[in-house]
Amino acid sequence: MRDVGIHILLLLLLPPLLPGVIGKTKAFFAGRVGPPLLQPYYDILKLMRKGSVFSVTTTWVFCAGPVVGLATALLAGLLVPFGGHRAPLSFPGDMILFAYLFALGRFFTAAAALDTGSAFEGMGAARELTFACLAEPALLFGMLVLAKLSDSLSLTGMLAGGYPLELGVTAPALVLVAASLFLVLLAENSRIPFDDPNTHLELTMIHEVMVLDHSGPAFGLIEYGATMKLMVTGAVWLRVAMPNAAADSWLGWILFLAGLLGLAVVIGVVESVMARFRMVVVPTFLVAACLLSAFGMVLLVR
Amino acid sequence: MTSILQWAVARNGTPLARSDIPLLDGETFRDSIVDAVADDGKVAALFGHRTEGDASVDLYAVLACRDAAVLRVARTRVNGTGFPSLTPRCTQVHLFEREIAEGFDLIPEGHPWLKPVRFLRTGSSAPLIGVTNYYRVEGEEVHEVAVGPVHAGVIEPGHFRFQCHGEQVFHLEISLGYQHRGVERAIVSGLPLRAIHYMETLAGDTTIGHATAYCQALEGLCGCAVPARAQILRGIALELERLANHTGDLGALAGDVGFLPTASYCGRLRGDFLNMTAILCGNRFGRGLIRPGGVGYDLDAKSVSDLRDRLALALRDVGNAVQLLWNSPSVMSRFSETGRVSLETCRQLGMVGPAARASGMEADVRQDFPSGIFRFAQIPVSTGAEGDVFERAHIRWMEIQRSGEFILEQLKMLAEGSIRVDPASVAGDSLVVSLVEAWRGAVCHVGLTDSAGRWSAYKVVDPSFFNWTGLAMALRNQQISDFPLCNKSFNLSYCGHDL
Numbered sequence: 001m002r003d004v005g006i007h008i009l010l011l012l013l014l015p016p017l018l019p020g021v022i023g024k025t026k027a028f029f030a031g032r033v034g035p036p037l038l039q040p041y042y043d044i045l046k047l048m049r050k051g052s053v054f055s056v057t058t059t060w061v062f063c064a065g066p067v068v069g070l071a072t073a074l075l076a077g078l079l080v081p082f083g084g085h086r087a088p089l090s091f092p093g094d095m096i097l098f099a100y101l102f103a104l105g106r107f108f109t110a111a112a113a114l115d116t117g118s119a120f121e122g123m124g125a126a127r128e129l130t131f132a133c134l135a136e137p138a139l140l141f142g143m144l145v146l147a148k149l150s151d152s153l154s155l156t157g158m159l160a161g162g163y164p165l166e167l168g169v170t171a172p173a174l175v176l177v178a179a180s181l182f183l184v185l186l187a188e189n190s191r192i193p194f195d196d197p198n199t200h201l202e203l204t205m206i207h208e209v210m211v212l213d214h215s216g217p218a219f220g221l222i223e224y225g226a227t228m229k230l231m232v233t234g235a236v237w238l239r240v241a242m243p244n245a246a247a248d249s250w251l252g253w254i255l256f257l258a259g260l261l262g263l264a265v266v267i268g269v270v271e272s273v274m275a276r277f278r279m280v281v282v283p284t285f286l287v288a289a290c291l292l293s294a295f296g297m298v299l300l301v302r
Numbered sequence: 001m002t003s004i005l006q007w008a009v010a011r012n013g014t015p016l017a018r019s020d021i022p023l024l025d026g027e028t029f030r031d032s033i034v035d036a037v038a039d040d041g042k043v044a045a046l047f048g049h050r051t052e053g054d055a056s057v058d059l060y061a062v063l064a065c066r067d068a069a070v071l072r073v074a075r076t077r078v079n080g081t082g083f084p085s086l087t088p089r090c091t092q093v094h095l096f097e098r099e100i101a102e103g104f105d106l107i108p109e110g111h112p113w114l115k116p117v118r119f120l121r122t123g124s125s126a127p128l129i130g131v132t133n134y135y136r137v138e139g140e141e142v143h144e145v146a147v148g149p150v151h152a153g154v155i156e157p158g159h160f161r162f163q164c165h166g167e168q169v170f171h172l173e174i175s176l177g178y179q180h181r182g183v184e185r186a187i188v189s190g191l192p193l194r195a196i197h198y199m200e201t202l203a204g205d206t207t208i209g210h211a212t213a214y215c216q217a218l219e220g221l222c223g224c225a226v227p228a229r230a231q232i233l234r235g236i237a238l239e240l241e242r243l244a245n246h247t248g249d250l251g252a253l254a255g256d257v258g259f260l261p262t263a264s265y266c267g268r269l270r271g272d273f274l275n276m277t278a279i280l281c282g283n284r285f286g287r288g289l290i291r292p293g294g295v296g297y298d299l300d301a302k303s304v305s306d307l308r309d310r311l312a313l314a315l316r317d318v319g320n321a322v323q324l325l326w327n328s329p330s331v332m333s334r335f336s337e338t339g340r341v342s343l344e345t346c347r348q349l350g351m352v353g354p355a356a357r358a359s360g361m362e363a364d365v366r367q368d369f370p371s372g373i374f375r376f377a378q379i380p381v382s383t384g385a386e387g388d389v390f391e392r393a394h395i396r397w398m399e400i401q402r403s404g405e406f407i408l409e410q411l412k413m414l415a416e417g418s419i420r421v422d423p424a425s426v427a428g429d430s431l432v433v434s435l436v437e438a439w440r441g442a443v444c445h446v447g448l449t450d451s452a453g454r455w456s457a458y459k460v461v462d463p464s465f466f467n468w469t470g471l472a473m474a475l476r477n478q479q480i481s482d483f484p485l486c487n488k489s490f491n492l493s494y495c496g497h498d499l
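Residue numbers (the working numbering), protein chains in the order written: chain A, 1 to 302; chain B, 1 to 499.
Don't read these hints as lab results, they were simulated from the structure. Please note that a few of the clues may not be correct.
[Stated by the list, open to error] Derived Cβ-Cβ restraints for the label pairs, each shown as a range:
id : chain 1 : residue 1 : chain 2 : residue 2 : range
1  : B       : 132       : A       : 67        : 38 to 46 Å
2  : B       : 418       : A       : 200       : 45 to 53 Å
3  : A       : 46        : B       : 319       : 37 to 45 Å
[To be verified] Reference excerpt, derived from the structure (chain B facing chain A, CB under 10 Å, subset only):
id : residue
4  : 137
5  : 139
6  : 142
7  : 146
8  : 179
9  : 258
10 : 259
11 : 261
12 : 328
13 : 479
14 : 480
15 : 482
In this text, a Cβ means the ideal position worked out from N, Cα and C, and glycines have one as well.
Use the sequences and the hints to build the structure in full.
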């Protein structure tokens, strides 16, 4: 019960800290002081207090986008075990639900973007869905590998338990899956090199351009949902990267927190040392992510 | 080929009596322009002038013939409501003819794309800016993306229409005019003392370039010799402006591909160069420095050494920041082969500045038509070959190095003496052409005086005037997501174009 409480508390409160850490890391590389660590919290609170503007051409779909986006991220967060602890919700096959919760959120974000009728948002929606077509198989392949390793179809079984690491078979498979999921993590959360969350150039954006017309609390929900998605996908990746890190104790929570912050720093470093991909090569890298996971599978079943 | 010999020959900043400018018939006028352009010449300016109370309009053309290192000037008279368009034979003049059509209600017959340039409010017609017919590609799968005039960033207004097939751009049309303030008109009809201030704010980032071109024109007409020390200070200011803008551009290019380190360092270093201009005159953009007859502020020995130290330091830092760009494969893969402009297109459109040099055109006013300090100190011209974003970025880096060396050299041997002479009276009934290689390319000012020595026409051609079309061509068959990068690699001025 205590772990469930901590899980929910972390899921609700921690997410905006991660972009704060990424921002600080990037500021360090740029030789700047950078915005405060808690700036994303201030931003979200500020947006929540603002009024909204709704275009007269939009329908209920436009409002549903942010709400569904946050709800799906929240629900997905309840399915994923944090650290070595069991997830609050868990049943066999919840990995499929997990993958399609993201798809549902994406569907509504894209539908809300198309609802505005703006050329930019249509372009952004097309890009997001094209790339998602390739990111989803990579995620599912990775899940399959984990399912095979753990003989379980629930995320808790796959991620909370830890695996016997054999140098010849399971370890390389896990490394491949970790590499694949890291690419998926960057792509899903619109980070460099796939997307640039800081750009103001409407023609180059992928995710950001879909939410151009949202304002005030709706936009706050989107931002909050995006940070939560980052945390949830980060939590999955952490368990793949360090599957046997201490389970079921305070140490597990501490390692989980440290791991997440470390991951944020790593993302910040990646964003600081490389440029964005040209948009036409993004699919190539996502296909590479699929292949990495697929090779992991091959290693296990041969 | 012989008809070009009928044209009057002018030098950069040296006046020409109006009576010496030959009046050609339309046919000869157009033929000789076509010939000169075919011979690697360039139409530096083409503008109309209507004498008060006259029904006819005189069209003046200034050709920059690089091989002979001379400027050629001639005019023709247009009676009636139109004249045969030259654009189908010589693409360089397409915007000039649209300008003339807009300003004088003359129709260039046969112009392939006749529409307003700046949406002038003349007499009865008050067109809404940007409301016009745009080129359209029809078809089920083609879609149109309209960007601007209000943009997501804090930049000037301009409207862009893309005809796209998925992510691929078939055609881009750029429609400007939102920044039109009537600078040319104000120079002619306004108070003479205000003119220099108009020039300094014509395109804020080219303050030194435009102010120098204006002063050069005025000094030519007055026949006054600018002191050597003032010439050197003007040269230093011009190169500092180049350093600041090129550095800022490299940083902005890095920012557009999301490459953080160079973006942030160059952003700061641009400020350092601007501060060096402030050492010269107290203003970061060089306002108040260039004045008719010389410069407004002198540089004492302490400031000279201060400037030298700061410059050496800033140049070293820029070198480090820019090396990061060339050494990052992820950046290079974005830069190379993006937004290519062929040398052929450059010639056709009469493109200028780093954008033209990146495609291999060896054109630089400082070498071809030198004036001021550049008659004595040569700056090697940097050229590229590919004409893509990488070359346009790399040209900037090469020019940063050359300009840095030039300034350090000049600071070593700053001539003594006065910094300003009083311009005498302005010669009447004359024409003067003044060219300056500003950081964005050649700035061309043409002034025409009446018998009393007042301006009767003043034509400003900013480098952006030619290069905007180059940007549109660079986007053909590119990814629409690469537009901001291409745009930044040109970094053109909206207000310089709109005047």
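Hints versus structure:
1. 132(B) / 67(A): 38 to 46 Å: Hint holds: Cβ distance 42 Å, inside 38 to 46 Å.
2. 418(B) / 200(A): 45 to 53 Å: Roughly 49 Å apart at Cβ, these two residues keep to the hinted range, so it holds.
3. 46(A) / 319(B): 37 to 45 Å: 41 Å Cβ-Cβ, so the 37 to 45 Å window holds.
4. 137: violated (14 Å)
5. 139: violated (16 Å)
6. 142: Given a least distance of 12 Å, the restraint on residue 142(B) is violated.
7. 146: Status holds, d = 7 Å.
8. 179: Since chain A brings no Cβ nearer than about 20 Å to residue 179(B), farther than 10 Å, the hint is violated.
9. 258: holds (4 Å)
10. 259: Holds: closest Cβ of chain A sits about 4 Å from residue 259(B), inside 10 Å.
11. 261: holds (6 Å)
12. 328: holds (6 Å)
13. 479: Check passed: Cβ of residue 479(B) comes within 6 Å of chain A, closer than 10 Å.
14. 480: Result: holds, 6 Å to nearest chain A Cβ.
15. 482: holds (7 Å)
Violated hints, in rising order: 4, 5, 6, 8; the structure is consistent with all others.
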